Amino acid sequence: MALNLRELSKRAEGLAPGHRACAGCGFPMIIRLLLATAPEPVVVVNATGCLEVVSTIYPYSAWPVPWLHNAFENAAATASGVEAAARALQARGRLARRPKVVAIGGDGGTYDIGLQSLSGAAERGHDFLYICYNNEGYMNTGIQRSSATPQGARTTTSPAGAVLPGKVQPRKDLTEIMAAHRMPYVAQASISHWGDLAKKLRRALTTSGPTFINVLTPCQPGWDYPPDQLVEIARLAVETRYWPLYEVEDGARYRLTYIPREPLPVRAWLERQGRFKHLLADEARVAELQAWVDDNWARLTSRAAASGERVS
Amino acid sequence: MSVLAPTRRLGLTGNDAVALAWKQINPDVVAAYPITPSTQVVEKFSQYVADGVVQTQFVPVESEHSALSACVGAAACGARVMTATSSQGLALMHEILYIAAGLRLPIVMAVANRALSAPINIHGDHSDAMGSRDSGWLQLYAKDVQDAYDLTILAVRVAERARLPVMVGLDGFTLSHSLEVVDVYGDDAVRAFVGPGPDDHYHFLDSPEPITIGPLALPDSYMDFRRALAEAVARSAEIIAREAAAFREHFGRSLPVFVEPVAMEAARAAVVLMGSYAGVVEEAVLRWREAGRAVGLVRPVVFRPFPAEALRAALAGVEHVVVMERADTLSTLGGPLGVELRAALYGAVRRPVVTDVIFGLGGRELREEDLEQVGRLVEEAPGGVRYLGTGDGV
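Read top to bottom, the protein sequences are chains A and B.
All letters in the first sequence, in the order written, are residues 4 to 315 by my numbering.
All letters in the second sequence, in the order written, are residues 680 to 1073 by my numbering.
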């Protein structure tokens, strides 16, 4: 099946209408694209978080595929067990076809509390795809900071005040941490670039062994933007090079999958969100963030160039 | 004796015996993380995997939390799943214990019982499993290595028929590392007893209708799930009794459920004790009997479901009870067994005086003079809580 809109639209609707995600939330797009691009049956293991809460309030479920929730920090470990069981049951003739296992967690359940179990599962080489839907904070519990929250963002546990400017530290680079596991395939994507995301999902789903995709997905209450600007906000993260779209094979071969033709200053992304409102008057802090973005881009382009890839 | 069950007599440690039972059961998935004193269960079993004598998918995870998490994932798929742990490892699994039980997954876990920190201590007591007592797991406690082997095999059928996870406790070092002579059944006999695996209840991977497991339950439904779990635990008593009878039928060996009474005929006082020290106390009780004292011993084999009825029946004619236990509730009311025994006896027609004796924490030995003190406490029935073998303390 080709990954174009005509073909994808022929697939049955993935996540059922009637889930309870906020207006202007990005992650339903990831799930729909996942279910539309999956070439074979998938089973989903979901960490505790917004996605789990909005899609499975008993007795309802928005999931058209087998779905399992265990706890917050253990989606990868649970997926390891599911994958091991599928292998065992297939070997013993009790399961005809082994489905592809997909684990999904937010940035809290992935960058922070779930990092150990994700790292363990990656090291053991389980055949599964882990998707981090990254909205840069603990949005399910009321917008607290996570290690994915960008420097300067205001959250309820990194508020902006007279002394502190919102979150003090830059965000953790989880995509690089996962690449350092030398997994067969690691990628960074955004809901704004659906074609790029679809290709990465397809690639990850058809690669055997552990694969990881970190998808930026804005959170309307957490980032504070008008709901109809969801995709535009996500796009600005990419166009400002705040969130580069790239992929890494075997921890070594880097490739930028989208290069902004005319990159915008990071301010263009900041000024569209309430969580950075306090920051905009502070030129020094904006410049600090811009320097971080430029440095990150330079590092990525040099790795891609070293891999023999086009970088501009 | 079943025709399928020619037995061999082998010298085995408790951990070896559990690993051997696992080998004979040949589970679908084992996920585990090493911790003293349960480590050899998984070491031995890894060797079976490496030698290809089992067809188990072994998942050597990076923590006990992930061990039980992987077990939940595998068991939800309908796989037969086992793990082993102790002490801090069981404590680290604590969150997932509730999820395994709440999802009604038939996981079997060997717990080489050990003390909890702080101070860190690697030796035996029951504090670890007692901290799990309200999680919905069934709990069985071995007296000796034979028990550890037998109860592991029994636990598979109990777990799968009750649709509840089961812990089999064997006292750290005292049983986990001590070599004893064990009657071992044939592989075929064990596999015939446990059958091919959990029944078709678990269809997660290939259901004709996709299943959502572990959704969010709000106040309109959560309590109904929890009540259903409580009822499942209550119903498991009947299943344990039935499966123990099937075990006797199949292997020709009796397993005591729910309590094992020793020298309780016409006893006016009793010691109640779980686990490996039952053998030592049995010796003492028999000596006291010879000396004309009407003292018996009641050993609970099952702690969850709590064998209230069996304890009431076993202690019906008794005036004094000394509960000896290797855990404390730190509630000022004594150890968990004593607290629950008193609760169970509250509705009895005649209530014996219960003295709670906490002993053997962190592997402290039970000495001859401690047994004499137990003998005096049985006689005098002072009630309350005593700490045995601590001298003047720290």
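Just so you know, these hints were derived from the structure itself, not from any lab.
Quick caveat: nothing in here was measured; it's all calculated off a predicted structure.
Any given hint might turn out to be false.
[Unchecked claim] Here are the simulated lysine-lysine pairs, DSBU-like style, with alpha carbons at most 35 Å apart:
# : chain 1 : residue 1 : chain 2 : residue 2
1 : B       : K723      : A       : K175
2 : B       : K723      : B       : K702
3 : A       : K103      : B       : K702
| request: Please write out, lowest number first, the hints stated earlier that are contradicted by the structure. | output: 1
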